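Enquirer: The numbering of the sequence shown is the UniProt record's numbering, which starts it at 1 and goes up by one.
These aren't lab readings, by the way, just hints derived from the structure by calculation. The structure presented is a predicted model; accordingly, all values stated were derived computationally and were not measured. Incorrect hints may appear among the rest.
[What the hints assert, rightly or not] Here are the simulated SDA-like pairs of lysine to any residue, each with C-alpha atoms no more than 20 Å apart in a straight line:
#1 K184 - D203
#2 K13 - T24
#3 K87 - K184
#4 K184 - P168
#5 K327 - S344
#6 K13 - G32
#7 K293 - Y199
#8 K184 - F371
#9 K184 - V275
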Amino acid sequence: MAYYRRAGDVPPKRHTQHRRPDGTLYYEELMGEEGFSSDSSLLYHAGVPSAIVDATPWDPGDQSLTDNRPLLPRHLRLHDLGTPDWKSVDVVTGRRLVLGNADVRISYVVAGETSPLYRNAVGDEVVYLESGSAIVETVFGALDVAGGDYVVLPRATTHRWVPTGSEPLRAYAIEASSHIAPPKRYLSRYGQLLEHAPYCERDLHGPGAPLLVEQTDVEVLVKHRGGPDGITGTRYVVPTHPFDVVGWDGCLYPYTFNVSDFEPITGRVHQPPPVHQVFEGSGFVICNFVPRKVDYHPLAVPVPYYHANVDSDEVMFYCGGDYEARKGSGIGQGSISLHPGGHSHGPQPGAVERALGAESFDELAVMVDTFRPLALGEGGRACEDPSYAWSWAGRGPAR
1 MAYYRRAGDV PPKRHTQHRR PDGTLYYEEL MGEEGFSSDS SLLYHAGVPS
51 AIVDATPWDP GDQSLTDNRP LLPRHLRLHD LGTPDWKSVD VVTGRRLVLG
101 NADVRISYVV AGETSPLYRN AVGDEVVYLE SGSAIVETVF GALDVAGGDY
151 VVLPRATTHR WVPTGSEPLR AYAIEASSHI APPKRYLSRY GQLLEHAPYC
201 ERDLHGPGAP LLVEQTDVEV LVKHRGGPDG ITGTRYVVPT HPFDVVGWDG
251 CLYPYTFNVS DFEPITGRVH QPPPVHQVFE GSGFVICNFV PRKVDYHPLA
301 VPVPYYHANV DSDEVMFYCG GDYEARKGSG IGQGSISLHP GGHSHGPQPG
351 AVERALGAES FDELAVMVDT FRPLALGEGG RACEDPSYAW SWAGRGPAR
């Protein structure tokens, strides 16, 4: 995301001496993508950023995946994954894997505890906060987050989640094996968001002043590749706190984007899902469906037409309002629907007729479309509604 920011104390020229008041040097670190050929930032540390004094294995939880076989559309009730002891659960170690493949993993957590320091070395993360509020402290500075915020965390950004208020954090985590960015069609060849994009740079909120924490022998959890399920972890002990950055500048940093700032694109007839796209990664896209006026052709059918996902699996997380096309299916707030490639899906029986003449829809959903099939994680298997696959026919298999 080529949108330059600068915070704190940086020297006038990169890769030159930057000294403390006592004359000793700060340590310059380049955090960059794609082998020095894409976005980067320069951070100036009080301590040596490479230093570690201990390393032990860390188990990031059950990362196993079970194939969607037989091939079925599925309904997962994510709110069932919350537990009475949510106040002692944190957004990092409490995540339960719902769906995943080699490109992306989707998890959910209900949390109320401050998380450990953490960084994901597998890929970028986008965490959609369904409800609650928190401060996300990062090596770049702090982000204030609240319900409806997407929190975009570049790969290997050390951070922690600090809940604020009494409401639980309900976090929907989309973890990539790649980088996540605005769609290329929204950007000029120099990286500016264009006039036809449904949001602009004013809607993106980066960190403020750097955090300066003086602490020694600090634990940091790192998720990385390896292990029997492809994902494993390491617990480092570092001699100085990672939040020792006195200043940074560049085009790579965490930021937030609130779903209410997405300006929906509408038309006379039903618009296809790409008009709702907000981010993209390698092998998947992220869209959001927001409250909006709907199709205004006099004979328009406002709900989606039946469609076969020839090339992708579609995951819809229903996180607000009343989703017209799914009425009668059992889907509600906190539900996920998985509609896999190879299965034609669309409105529930009666939804088309009920929607005729509608002028607006009050609905909020986050969609992930993947181009490789998704498998079920432990969390997904634990909260499935087994009757959903038969909801269009009104009856299940005769057995």
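Enquirer: Check the hint pairing K184 with F371 against an upper bound of 20 Å on the C-alpha distance.
Expert: holds (17 Å)
Enquirer: Between K184 and P168, does the CA-CA distance stay at or below 20 Å?
Expert: violated (35 Å)
Enquirer: Tell me if the straight-line CA distance from K184 to D203 falls inside 20 Å.
Expert: It holds: about 17 Å lies between the C-alpha atoms, which stays within 20 Å.
Enquirer: Would the hint linking K87 and K184 be met if the CA-CA limit is 20 Å?
Expert: violated (40 Å)
Enquirer: Given the hint that K293 pairs with Y199, test it: the Cα-Cα distance must not exceed 20 Å.
Expert: Measuring from Cα to Cα gives roughly 17 Å; hence the hint holds.
Enquirer: Would the hint linking K184 and V275 be met if the CA-CA limit is 20 Å?
Expert: Answer holds: K184 to V275 is near 13 Å, not above 20 Å.
Enquirer: Take the C-alpha atoms of K13 and T24, compute the straight-line distance between them, and say whether it is at most 20 Å.
Expert: Since the Cα atoms of K13 and T24 sit roughly 18 Å apart, the hinted pair holds (cutoff 20 Å).
Enquirer: Hint check: K13 vs G32, CA-CA at most 20 Å. Holds or violated?
Expert: Distance of about 18 Å is within 20 Å: holds.
Enquirer: Given the hint that K327 pairs with S344, test it: the Cα-Cα distance must not exceed 20 Å.
Expert: holds (18 Å)
Hints 3, 4 from the earlier list are contradicted by this structure; the remaining hints agree with it.
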